[in-house]
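**Q** Below are the chains, spelled out letter by letter.
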Amino acid sequence: MTPPTAVGSARPEVVTETVPRRRQAWIERATSADHKSVGMLYIAAALTFGVAALTALVVMRVQLIVPENTTMDPEIFNRIMSTFAVTGVVLFAIPLALGLISYISPLQVGARGVAFPRLNLLSFWLYVAGGFTIYGSYLWRPSEAGFGALPALSEPLYSNTHGVDAWLVGTALAVLGFVCFAVNMVATLRTMRAPGMVWRRVPLFTWAANLGSYLLLVCGPVMLAALVMLFVDRHYGGVFFDPGYDGAPLLYEHLAWFFFTGVFSFIVIIAAGVISDVLPAFARKPLFSHRGAMACLLAIAILGPLAWMRNMYTAPIPTAFLVFAMLCAIALTVPIGLLIFNWIATVWGGTLRARSAPLYAIAAISVMTIGLAGDLAWSLIPVGWQIEHTTAAQGATMAVIMGAAVLGGFAALHHWMPKITGRLMGEGLGKITLVPILLGLYVFELMAFFAGVKGQPVDIYKFFSGEGLDGYNLVASIAVFVMAAGILVELGNAAYSYRHGVPSGHDPWEAGTLEWFATSPPPIHNFDVVPDVRSSEPLYDIRRAIRDRTHAWRPPARAPAPQPPAPEPERVGGESGGAQGGAPVA
Amino acid sequence: MLSLALVGTASALLAAPAAASILGPTAGHSPNADDIRTAYWVAIVIAALLIVAVHVFLIAALVRFRARRGRSPRPFTAGARAFVRPAAPLVAIAVGLFVFGIVMMTKAREVQATGSEGLGADSDLVAQVNGLSIPPESKALNINVIGQRWLWRFEYPGGRPGDRIFSYGELVVPVDTTVLLHLTSTDVTHRWFIPALGGQVDALPGQDVGTWFRADEVGTYHGQSTSFSGSAFAAMRAWVRVVTPQAYQQFIDRKREQLSAAQDYVAKKLGEGTAPGATP
Chain F
94 MTPPTAVGSA RPEVVTETVP RRRQAWIERA TSADHKSVGM LYIAAALTFG
144 VAALTALVVM RVQLIVPENT TMDPEIFNRI MSTFAVTGVV LFAIPLALGL
194 ISYISPLQVG ARGVAFPRLN LLSFWLYVAG GFTIYGSYLW RPSEAGFGAL
244 PALSEPLYSN THGVDAWLVG TALAVLGFVC FAVNMVATLR TMRAPGMVWR
294 RVPLFTWAAN LGSYLLLVCG PVMLAALVML FVDRHYGGVF FDPGYDGAPL
344 LYEHLAWFFF TGVFSFIVII AAGVISDVLP AFARKPLFSH RGAMACLLAI
394 AILGPLAWMR NMYTAPIPTA FLVFAMLCAI ALTVPIGLLI FNWIATVWGG
444 TLRARSAPLY AIAAISVMTI GLAGDLAWSL IPVGWQIEHT TAAQGATMAV
494 IMGAAVLGGF AALHHWMPKI TGRLMGEGLG KITLVPILLG LYVFELMAFF
544 AGVKGQPVDI YKFFSGEGLD GYNLVASIAV FVMAAGILVE LGNAAYSYRH
594 GVPSGHDPWE AGTLEWFATS PPPIHNFDVV PDVRSSEPLY DIRRAIRDRT
644 HAWRPPARAP APQPPAPEPE RVGGESGGAQ GGAPVA
Chain Z
12 MLSLALVGTA SALLAAPAAA SILGPTAGHS PNADDIRTAY WVAIVIAALL
62 IVAVHVFLIA ALVRFRARRG RSPRPFTAGA RAFVRPAAPL VAIAVGLFVF
112 GIVMMTKARE VQATGSEGLG ADSDLVAQVN GLSIPPESKA LNINVIGQRW
162 LWRFEYPGGR PGDRIFSYGE LVVPVDTTVL LHLTSTDVTH RWFIPALGGQ
212 VDALPGQDVG TWFRADEVGT YHGQSTSFSG SAFAAMRAWV RVVTPQAYQQ
262 FIDRKREQLS AAQDYVAKKL GEGTAPGATP
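Chains F and Z, in that order, are what the protein sequence lines are.
Quick note on this note's numbering: the first sequence kicks off at 94 and runs consecutively.
Quick note on this note's numbering: the second sequence kicks off at 12 and runs consecutively.
Think of the hints as simulated: they come from the structure by calculation, not from any bench.
Incorrect hints may have been included.
Part of the chain F face toward chain Z, derived, beta carbon under 7 Å [said to hold, decoys possible]:
#	residue
1	Ala149
2	Pro336
3	Trp441
The C-beta atom is built at its ideal place from N, Cα and C for all residues, glycine as well.
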């Protein structure tokens, strides 16, 4: 979009002595601090770890397919189980969200980059180093200390292998990376928005990115502190969590649950942001209430992590604190309910194009609703005493995380793949694979719920026959296999479309947000012209301006005068503001 | 919408007995377990209604407002005022659930006194256990439950001083008797959970955490620890055998005799210098 009419004025020039030689592609990719490149690295790494998490889930379900199965040693199962949760949440769900944020959010606010590009790149490499540290321990002996390495089990007395150390260091590196990322993104979104892009006009996905970055900024260091304290306990004679020396294992649980509950809210918020951007684009109708959705997300970001003790109802904690946790957990009903209402009201009265992206988004709403309603049911303290730590609670948590990260993630990939590559993801294949993924998730949740209310605990490597659990576990395993197959095919779809997808053009969805103002894929500086934003859907304004001028335009009756016409740059969406000249149209 | 909800509720009520066996926990056999089940059913029905309501509207929107030839979207937006009406029922549900949750929690923690068929046990051991309100005339039976990887040890009152009667794996208690459990652990965190006799409670090293039950029927109830504790975690199961007070007394007497006999045997062997582990 270089101004074609800038004939008479001085042209900007870049003078350089030598052009730096272009290095090999992978070096460029690994060292480029461009936020789009970092975003793609994040997405690729996250999807890779997602496959690892999926594999772990399938392997665990193979072990639990029949009662008293002896396919696997308990130690092997516990190793896989201990890395599964951290892979699914810390190495897959969060980084996938961060990749999308890093790529899309600066574009959505009309920024030409991010505030601290190298910090952004560093955050990615810290995260990958963390992932490799955790998986590197498979060469030796990985952690067997459970999903969160809770003391006293993770104290050296009971886990005297270096697997727990690898787990601690790897998780800490990844979380440190996320905190670096959050610093960069908070600064970027505070300071680098386009003129006119005030907070109330920021697209929902970027608003979610902003809230999510603050969440990571608050919750990440808490987890880092807990991990460091545990490391001190293990190696430098600390007794923070050692009950033998009056340490408090419960303290670690508090810190870890604060982080994990914050991360849970983070995942929900980012998925909500994706859905809130996808639905209006495909229903051809603005979001029912932009500010209402913003307020709902803010409420979730505040109430979510404050409810961390809802996971600790069985611990000896003073009743007042438990009631506070229950209050926050139940109060979440209101913003989450209003958010869903907002989505339905957005589709209502619109014309929903049944493409893959909105279908995945609606599937994500469905699955997340089921999981969150379940969470609501057992956020009542007495119900929690019955359900927490059983597969029913695990099923609900996984419904939310899978609904948000997998279904919401695929909705985002379908929506933004044309932005990233200029190519569509396979639409037909996407719709077909949605069926096994969704069916598998529903059935798995239902079976986990049935088994959980009968008292099957999470994390067990076997269950016993004669307790009425055989059928549930068998069906749950089959459901997980079906779902995993669907997810793998859909991932293959994404991988194939990256290079071989159908070319989509620059603006396939005609969405209202600014990332579609740039070309697809965007140039390194994102925008030749930073537009002046006048509403929460600036691209509709720009398109309207173009349409008005092109439709109203008539060919001149006579040939124009021979002298060059006075260049009168017409600004898009109004005058003033932009650092550069306006984008001439017509 | 209302009629739909009514029809749903009615059919749910009709199918309740059949569904209860699948959708609900195993039957409770203790007052606190019954309170937990009441809370469970109310919460799960409300959650189910929320899920159904969301899906009805979601599917309706998906079906009615698909893109078709000649239809153009009706763009409407709203401010915060539009949220007042949908927020009202949500706030009502939240407040109702919150108050109900507190009521049921308090109720489940109120330790009830031993019934008429129960064993009038010593209540002099009762200390104030966290969160539980224990009436002074409860005549409760105090039992120490000690989690260790990967089994449970139960210590009963009675027996020689400093030498409590104990059993592993299976807890034997008299029916209709209030039983106060004092949970602790010798190694890592465990969690006591017998679904028919109340909710889960952590057994933490170095802490005395209390819970209670009063079994209403003779029988054996089963459960297992729900806190991951290492390799054989899945095998850390527990059984509670509820017997008549007479049978309980016999059990305690037999245990006491066995313990005495064993200790006498050890003492004798020690005197001879041939006890296992004793250095000659």
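**Q** Run every hint past the structure and note whether it holds.
**A** Right, here's what the structure says about each hint:
no.	hint	result
1	Ala149	violated (16 Å)
2	Pro336	holds (4 Å)
3	Trp441	holds (5 Å)
In summary, the structure is inconsistent with hint 1 from the numbered list given earlier, while agreeing with all the others.
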